[in-house]
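Undergrad: Read top to bottom, the protein sequences are chains A and B.
Using our numbering, the first residue of the first sequence is number 2, and each one after it goes up by one.
Using our numbering, the first residue of the second sequence is number 217, and each one after it goes up by one.
Worth flagging that the hints you see were computed from the coordinates, not collected in a lab.
Using N, Cα and C, we set each Cβ at its ideal position, and we do this for glycine too.
Now the stretches of chain A that chain B is said to cover, found in silico as 3 or more residues with beta-carbon under 8 Å:
(1) 9-18
(2) 84-98
(3) 272-279
Pulled from the structure, derived: some chain A residues nowhere near chain B, Cβ distances all over 12 Å:
(4) I24
(5) I25
(6) L36
(7) F136
(8) H140
(9) V159
(10) P163
(11) A214
(12) I225
(13) P227
(14) V242
(15) G249
Here's a subset of chain B near chain A, in silico, CB distances under 10 Å, partners left out:
(16) I291
(17) L294
(18) L300
(19) P304
(20) G361
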Amino acid sequence: MIAVEFAKQVRRVRTWVVAAICIIIPFLVGLGFELGGNNNANGGNGLNFVTHQSGIVIGIFALSFSSVLLIPIVFAIFTGEPIASEARWGSLRYLLVRPVTRPRVLGSKLGVSIVLAVGTTVLIPITGTIVGIAFFGLHPVHTFVIGSGSSVVSGASVATLPIGSALGRLLLATAYTLFSMLSVVGVATLVGVATENALAAMSSGIGLYIVSAILDALPGLSRIHPLLPVHYLEAWTNLFVPGGSLEGMLHGVISAGIWGVVPLFLAFRIFQRKDILC
Amino acid sequence: MDSPAVIEVTGLTKRFGAGVLAVDDLSFTVRRGQVVGLLGPNGAGKTTTLRALLGLIRPTSGTMAIFGEIVRPGIAVLSRVGALVEGPGFVPHLSGRRNLELYWRANGMAVSEAHLEHCLDVSGLGPSADRKVKTYSHGMRQRLGYAQALLGKPDLLVLDEPVNGLDPRQIVEVRESLLRIGASGTTILLSSHLLSEVEQTCSHVVVVHHGRLMQSGTVAEVTASVASAYLEVDNAGGAIALLAALPGVRSVEPSPPGIVVQLDGAKRSDLVAALVGAGLRVDTVTPRRSLEDAFLELVGEHSV
Numbered sequence: 002m003i004a005v006e007f008a009k010q011v012r013r014v015r016t017w018v019v020a021a022i023c024i025i026i027p028f029l030v031g032l033g034f035e036l037g038g039n040n041n042a043n044g045g046n047g048l049n050f051v052t053h054q055s056g057i058v059i060g061i062f063a064l065s066f067s068s069v070l071l072i073p074i075v076f077a078i079f080t081g082e083p084i085a086s087e088a089r090w091g092s093l094r095y096l097l098v099r100p101v102t103r104p105r106v107l108g109s110k111l112g113v114s115i116v117l118a119v120g121t122t123v124l125i126p127i128t129g130t131i132v133g134i135a136f137f138g139l140h141p142v143h144t145f146v147i148g149s150g151s152s153v154v155s156g157a158s159v160a161t162l163p164i165g166s167a168l169g170r171l172l173l174a175t176a177y178t179l180f181s182m183l184s185v186v187g188v189a190t191l192v193g194v195a196t197e198n199a200l201a202a203m204s205s206g207i208g209l210y211i212v213s214a215i216l217d218a219l220p221g222l223s224r225i226h227p228l229l230p231v232h233y234l235e236a237w238t239n240l241f242v243p244g245g246s247l248e249g250m251l252h253g254v255i256s257a258g259i260w261g262v263v264p265l266f267l268a269f270r271i272f273q274r275k276d277i278l279c
Numbered sequence: 217m218d219s220p221a222v223i224e225v226t227g228l229t230k231r232f233g234a235g236v237l238a239v240d241d242l243s244f245t246v247r248r249g250q251v252v253g254l255l256g257p258n259g260a261g262k263t264t265t266l267r268a269l270l271g272l273i274r275p276t277s278g279t280m281a282i283f284g285e286i287v288r289p290g291i292a293v294l295s296r297v298g299a300l301v302e303g304p305g306f307v308p309h310l311s312g313r314r315n316l317e318l319y320w321r322a323n324g325m326a327v328s329e330a331h332l333e334h335c336l337d338v339s340g341l342g343p344s345a346d347r348k349v350k351t352y353s354h355g356m357r358q359r360l361g362y363a364q365a366l367l368g369k370p371d372l373l374v375l376d377e378p379v380n381g382l383d384p385r386q387i388v389e390v391r392e393s394l395l396r397i398g399a400s401g402t403t404i405l406l407s408s409h410l411l412s413e414v415e416q417t418c419s420h421v422v423v424v425h426h427g428r429l430m431q432s433g434t435v436a437e438v439t440a441s442v443a444s445a446y447l448e449v450d451n452a453g454g455a456i457a458l459l460a461a462l463p464g465v466r467s468v469e470p471s472p473p474g475i476v477v478q479l480d481g482a483k484r485s486d487l488v489a490a491l492v493g494a495g496l497r498v499d500t501v502t503p504r505r506s507l508e509d510a511f512l513e514l515v516g517e518h519s520v
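So that you can see chain A by itself, here it is in the shape it has in the complex (with noise of 0.2 Å):
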């Protein structure tokens, strides 16, 4: 079953053009900082790196910037979409009139789209990071903290990363990012589901980013900040902040895992009980 969706998503122009994007993006964001000529880079989320000291900075920039759209959209359309299609396509009665629990459906589906989804996605960091070596080289990365010095010349406060210890934060950066997506999953699964559409579960799973990231900016509702889906997106940062604190990651997954975990059990129970009528 894994195997047969597996063949059907592969074959599709939109898993390459993704791919595709995932790669062009974080050469833009390398070919940005080459041409810049700035030596200081702020991600506008506390990041703030000595960009042409190493090409890794250009990896982690990627991440950064594609966190808050990118990385959403591609989730959404992946998992948004394979339902919705088979309904629209007329195949699903055909997938689920052979002697196949709708579960195991519904879940080699949900494997399948998310395996492609992070397969996609985690192109951007690495993407990124190869183009930033052989821009800038391979180096320890020096990060500093604004408002104790805006330039590296102060120099008061600037830690270094080792290459190893850089890329090993980046990877767990990735990783946490990607885990964050379950929010998305979960939701544009379960439209996907409920309403066979694969515009609508795309563009709930993207809404719910959008959302919630303007909720999140509002002072008046902090009360409920904790709450919204992407309110922990850029804690990761803290990794490359000298000092700064993880619990933010940590409030993180448990946040993405009830995002996910609770509208994924939805969307099972409804296509469990649904009315294939397509």
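Fit chain B to the given chain A structure using the hints.
TA: Just chain B now, kept in the frame of chain A:
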């Protein structure tokens, strides 16, 4: 002795949402080796019945069993069933051949057991089987859908309007294929709104209308249960008035150039005697016993 039941539908009722009653307390049995036509006009509940039978929709009430097992989504016994429901459905960016392979492999069956080449031969697609399905015409998809239902030589075929969208030559091919498969002992349940199709292909018929069972039995029984006559007389108006008052006549309607009389006990000879006795000249008297007549009468009773 009756052969064992392959399909048993008992009191099947399906209501969609709060309102539409698509199937209303429908019961029928299909026995091994029978070729049964589920006959009814569009919207009679045929497709809903077939969907329920395959576990695609949950009945509001009633039970269905296939090979003695109560139908639920994805039950194991579906491996013995080949189905074509409400038209074919394929993944458009893959070839016809690849679609059939993936359909078959979905529950872990080896392609070698599918008789894939044989089924593709039946579809008559030839080299087109290796083209992407999105390039296919409606008829090609329909034939591929029929071929898909035949994969693995199932013991039971459930086919919803199998000749829909085919040209006359292809209709004949599918009909001959169905007769061959039926003769080999495979049980077939096919739905159709084409009366001639059922008459030419099926041994038994289940007539449904507005989701209710109208009648079931062998094709011969169902047609015999409805006797009617077509007459041409020199004064149609007078004949209608006269015959409508005759005992044993259910209805009389003009059917230019003659009239059609639905009988309920009276014999055709009674009609002729009454007409001649009244001084009318009878030109033609023919029995009308085709399934079409039976069907129209059964449906007509309830269409008011």
